[in-house]
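Protein chains in written order, with this note's numbering: chain E, 1 to 121; chain R, 1001 to 1288.
None of these hints come from the bench; they were simulated from the model.
Misleading hints may appear alongside valid ones.
To be verified - In the BS3-like style, the derived pairs of lysine-lysine whose C-alpha atoms are separated by at most 25 Å in a straight line are: (1) E:K59 / E:K83; (2) E:K43 / R:K1122; (3) E:K77 / R:K1122; (4) E:K80 / R:K1267; (5) E:K47 / E:K94; (6) E:K59 / E:K43; (7) E:K92 / R:K1122; (8) E:K77 / E:K59; (9) R:K1082 / E:K47.
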Amino acid sequence: MKKLLLITAGLMLLGGNAFAKDVQYDLRVDGMTCPFCAATSEKALKKIKGVSAVSTDLKKATISVCAAEDTDMSDPKLSKLLKKKGFTYVNKTKQEVCSISAGKTDVKKTGFLRGFFHKHS
Amino acid sequence: MVCKFNIKKGGLTATVTICLTIAMQALAAPITFNTALPVSDEEFIVRQQIHYSKASDNLGSISRDVKVWKSITAVGYGVTDKFAVFGVMPIINKDMQIGSVKREVSGLADMKLFGRYQIYRKDGPGTTTRIAPFLGVNLPMGKTGKTSDGSTDYFGGLILTRASTNWNVDAQLKYTANGKYSGFARGNEASLDASLQYRINTHNANVNISGYLFTVLETSLVYADENKIGSIIDLNTGGTTAFIAPGLQYATKRWIGEAAVKIPVVKDLNGTALQPGITIITSIRVNF
């Protein structure tokens, strides 16, 4: 009986994680001026367990992060993480719907030719 | 980076000293000096440069011609968010002809090791200002009398960087105290370098789609003391030189490709010292 309860609880936990809702955090990060900055910050943020996608907008000084709702995205944690990478974390806003796609974070897609021939809107 | 052509007494040996200094993190960075190369905490950066320089003049009826190919590999590691260490390993090939005398030397040249500590940082949205002193040593790894003068040299300086998403300004003040080996002491050297990088493809801010293309203009002012052989001053060494270096830089999230042409504009060298020529620099760097 004990075993059955444990298995059921385990399955419920797994099921719960599998269907955890992704939310979006828009982090305001100062000091980022170049593509290297974006790569460094994104790499660090991607290491947080629960983060599924990251995208940087240098002009707005924001990094958008898609993560499971229960992901630890506390201010002290983000501040420490980004300070280590050489930037200043300012604040964050939370959106219930994640609007960035994983493809946006693919740094391999950033290329010399792509940079010249991409159609800008 | 500072390039110095230095013809020793007798005119048979030419040495080229390339000073690579690397520092700040997370910014675009100059091409001809490396004090603003980006390296973050617990990350590596590798920069590979190829330099080609040519200098020639006539000393009375004797023509002098020096061509130098140089491969410079610089590796940096961010020990903390403020402190980074770097190593620079040059391999050179010098082809010299003075009158009818030809000489070619090649191999490993002197290795530079140095550290940089950030003492000031002020960040804003899409902007940053950083100041960092650096201190290093030039180890005589090359063949003495060929690709090295055999001395251990020390250098230090200060880097200032002001950057935004559309332009960067970097400045470096540097002093090199050259050591003595086997009676020969190269003159000490002071330099002031500056770099302005201006972004020209500003229509797209999404770094995930395209990189940043910068036009670059760099300047360098170098003063070198005369060399000493024993207690005798070599009057045909040392002096003041200044350079400008227009270039291009393409920066993506993981690599940067860049090229510049370093042109001497002031050649106020002592005695019969060989006047510096043009240096072409190509470079690629990757961080990981």
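Quick rundown of the hints versus the structure:
Of the supplied pair hints, the one linking K59 (chain E) and K83 (chain E) holds, its CA atoms being roughly 20 Å apart against a limit of 25 Å. With a C-alpha separation of about 23 Å, the suggested pair K43 (chain E) and K1122 (chain R) falls inside the 25 Å cut-off, and the hint holds. Straight-line distance between C-alpha atoms of K77 (chain E) and K1122 (chain R) comes to about 20 Å, which keeps the hinted pair within the 25 Å bound. Straight-line distance between C-alpha atoms of K80 (chain E) and K1267 (chain R) comes to about 49 Å, which puts the hinted pair past the 25 Å bound.
Restraint check for K47 (chain E) and K94 (chain E): satisfied, since their Cα atoms lie roughly 19 Å apart, inside the 25 Å limit. A hinted pair counts as satisfied when its Cα atoms are at most 25 Å apart, and K59 (chain E) with K43 (chain E) qualifies at roughly 19 Å. Between K92 (chain E) and K1122 (chain R), the direct Cα distance comes to roughly 20 Å. Compliance with the 25 Å bound is thereby established for this hinted pair. Distance check on the hinted pair: K77 (chain E) and K59 (chain E) sit about 24 Å apart at the alpha-carbon level, within 25 Å; holds.
At most 25 Å may separate the alpha-carbon atoms for a hinted pair to count; K1082 (chain R) and K47 (chain E) meet this at roughly 21 Å.
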